[in-house]
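**Student:** Take a look at the letters that make up each chain.
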Amino acid sequence: MGFYVAKRVATIGVILVIISGLIFVITQGLPGSVARMIAGQFATPDVIAAIEQRLHLNDPLFTQYWRWASGILSGDLGQSLIMERPIGPMLREALANSALLATISIVLLTLVGVSLGIVAAIKHNSMLDHGISVFTFLGISVPEFFWGIVLILVFAGYLHWLPSGGAGNLSAGWGAWASHLVLPAATLTFALIAHVSRMTRSSMLETLRSPYVLFARAKGLPERVVLVRHALRNALLPTITVLAIDIGLLIGGVVVVETVFSYPGLGRLLIFAIERHDLPLIQASILVIAAIYCFANLVADLLYAYFNPKIRYGGTRS
Amino acid sequence: MAGLEADAVWTPAPPVSRRSRVPATLIWGALIVLVVLALAAAAPWIAPYPYDEMQIMARLKPPSFAHWFGTDDYGRDVLTRTLIGARLSLLMGLGATAFCLAIGVPIGLYTGYRRGRVEEIVMRAMDVLMSFPPILLGLLVLAVTTPSLWKTVLAVGVVYVPAIVRLTRSVTLELAQEEFVLAARARGDGSAYIVLREILPNAWPPIAVEGSLRITFAILLGAALSFLGMGAQPPSSDWGLMISEARAFVDRAPWIALAPGIAMCVTVIGVNLLGDGLREFLDPRMRSGKGS
Numbered sequence: 000m001g002f003y004v005a006k007r008v009a010t011i012g013v014i015l016v017i018i019s020g021l022i023f024v025i026t027q028g029l030p031g032s033v034a035r036m037i038a039g040q041f042a043t044p045d046v047i048a049a050i051e052q053r054l055h056l057n058d059p060l061f062t063q064y065w066r067w068a069s070g071i072l073s074g075d076l077g078q079s080l081i082m083e084r085p086i087g088p089m090l091r092e093a094l095a096n097s098a099l100l101a102t103i104s105i106v107l108l109t110l111v112g113v114s115l116g117i118v119a120a121i122k123h124n125s126m127l128d129h130g131i132s133v134f135t136f137l138g139i140s141v142p143e144f145f146w147g148i149v150l151i152l153v154f155a156g157y158l159h160w161l162p163s164g165g166a167g168n169l170s171a172g173w174g175a176w177a178s179h180l181v182l183p184a185a186t187l188t189f190a191l192i193a194h195v196s197r198m199t200r201s202s203m204l205e206t207l208r209s210p211y212v213l214f215a216r217a218k219g220l221p222e223r224v225v226l227v228r229h230a231l232r233n234a235l236l237p238t239i240t241v242l243a244i245d246i247g248l249l250i251g252g253v254v255v256v257e258t259v260f261s262y263p264g265l266g267r268l269l270i271f272a273i274e275r276h277d278l279p280l281i282q283a284s285i286l287v288i289a290a291i292y293c294f295a296n297l298v299a300d301l302l303y304a305y306f307n308p309k310i311r312y313g314g315t316r317s
Numbered sequence: 000m001a002g003l004e005a006d007a008v009w010t011p012a013p014p015v016s017r018r019s020r021v022p023a024t025l026i027w028g029a030l031i032v033l034v035v036l037a038l039a040a041a042a043p044w045i046a047p048y049p050y051d052e053m054q055i056m057a058r059l060k061p062p063s064f065a066h067w068f069g070t071d072d073y074g075r076d077v078l079t080r081t082l083i084g085a086r087l088s089l090l091m092g093l094g095a096t097a098f099c100l101a102i103g104v105p106i107g108l109y110t111g112y113r114r115g116r117v118e119e120i121v122m123r124a125m126d127v128l129m130s131f132p133p134i135l136l137g138l139l140v141l142a143v144t145t146p147s148l149w150k151t152v153l154a155v156g157v158v159y160v161p162a163i164v165r166l167t168r169s170v171t172l173e174l175a176q177e178e179f180v181l182a183a184r185a186r187g188d189g190s191a192y193i194v195l196r197e198i199l200p201n202a203w204p205p206i207a208v209e210g211s212l213r214i215t216f217a218i219l220l221g222a223a224l225s226f227l228g229m230g231a232q233p234p235s236s237d238w239g240l241m242i243s244e245a246r247a248f249v250d251r252a253p254w255i256a257l258a259p260g261i262a263m264c265v266t267v268i269g270v271n272l273l274g275d276g277l278r279e280f281l282d283p284r285m286r287s288g289k290g291s
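In order, the protein sequence lines correspond to chains A and B.
Position 234 of the first sequence, counted from 1, bears residue number 233 in numbering that gives the first Met the number 0, the numbering being contiguous throughout.
Position 285 of the second sequence, counted from 1, bears residue number 284 in numbering that gives the first Met the number 0, the numbering being contiguous throughout.
Treat the hints with caution; some may be incorrect.
[Claimed, not checked] Here chain B is said to cover these stretches of chain A; the calculated rule only asks that three of the stretch's residues, wherever they fall, bring their Cβ under 8 angstroms from a Cβ of chain B:
(1) 47-60
(2) 68-81
(3) 93-106
(4) 245-253
(5) 281-295
I should point out that these hints are in silico values taken from the structure, not numbers from a laboratory.
In this text, a Cβ means the ideal position worked out from N, Cα and C, and glycines have one as well.
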């Protein structure tokens, strides 16, 4: 297991080096002047020259990359052009907000998705089962931003129960702070819930037909014990794989949902950077999000290995 | 949803019997998609107004006989814009899928058949591309250039190339071991002939299924990019862009956002049903395993 983790971390390191190169080449190496993109179409030659000098854009591309990459390795992510502040602290703050939103969404996704899947499997082919299918199907048939707007319309616009956007401050109390997270987390969860509930439902159905569940029932065990101890524990394994895939989708969803709810996270920061052509901020945000994505996938794989005793990464060799 | 399992469950299937029952999902999916395609194709003729005609006196009007889906903040007819928007969304979905198939299938066939170092390098490159969350790869490409619809189509297409390469390669790997391919080799047929005439005709069913599912992903991703301002640009009536523009008026005129949202929902459900039905129809094991 240790060997496997070390190998995966090393691979992620290599992938991140390649990704950083890709980000740099695409953002700075594509045809068209970077300085003109930053300054706008009508900028005077003086302004363009000043930007080129400030960002050392006249140096060879590799020299520019090396300066950028070595800065990142020493913990310096550069300076935002628009806000004229170091990028590191800004990213840390945004990352904390995004991590909070993503964690709440994953917990909700797991709890609600698995519960709906179990209910659908137990009530197989009933009205409830079909109802859950339709409900979850709606979630993946329309992008997050549409449901986000619908939720804002209903819960903020008409009912006035929840705020329509922004982030809460703890000084205003726990309730006010948490209320800002409800709608974005619900939107993210709804967009992904079909994957989890459908997978739980189908693997639960398969497990309920297996000989060991039949045997457990034949022994006269109460239905609850059969469902929870025998069926569910085995049925959850494929669900974990789907959850791992969903982490990737969630990171993409966070970018959109944060924009809809003006939530000050990493996604909102990236879109802000793109809108304002803040090149160093664009590069740093994308690199950080890609790194999180790689490590989230690693964690998901490890969790899968942990829950599946049949898997011994790097251990026994067949 | 089904796309998650699509490349994991496929193995080459024996030819489908002509008498096989056509799944209801396939019929319903095809029906919905045909209606959407017909509406999109006929949009310029059946739309009651030009999509960019502004009627300042009729701003933010609720649905009425004159404007079935109401008007937006410029007094433009929302029904017209939704109908014309269908063309853009379908162009996004079909264009990006065609692009990823055009790039992904040949690469998958080549690497799966020839193997060797090229396969290793290509697959590692695909791993790198898959290390980006899809929307991020799209944003990265679009962030540094002036946004436009065709760039979004290409960006979305690039995002889905690795999935197609992986699937095509895995199907090719299995088919290359089949007896009819070994027989063709023994006959002395050339590699190009074997790949194009022996492997490709047998590899297309899973690729078609995956392709149909990619259409919905592409529509949704394209809409998200347009929503974020990186896709279609005003005054075009792309559904994602329409919803983005409707945000400011959602409490006063929710119909501006609801019409394109519902249209997108119906389209995506139709294509999803079509993809699921196609998979069920082309993979006999799915039919025998019905009900789970």
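**Student:** Now tell me, hint by hint, if it's right for this structure.
**Tutor:** Each hint, compared with the structure:
no.: 1; hint: 47-60; result: violated (count 0)
no.: 2; hint: 68-81; result: violated (count 0)
no.: 3; hint: 93-106; result: violated (count 0)
no.: 4; hint: 245-253; result: holds (count 4)
no.: 5; hint: 281-295; result: holds (count 6)
Of the numbered hints stated above, those contradicted by the structure are hints 1, 2 and 3, listed in ascending order.
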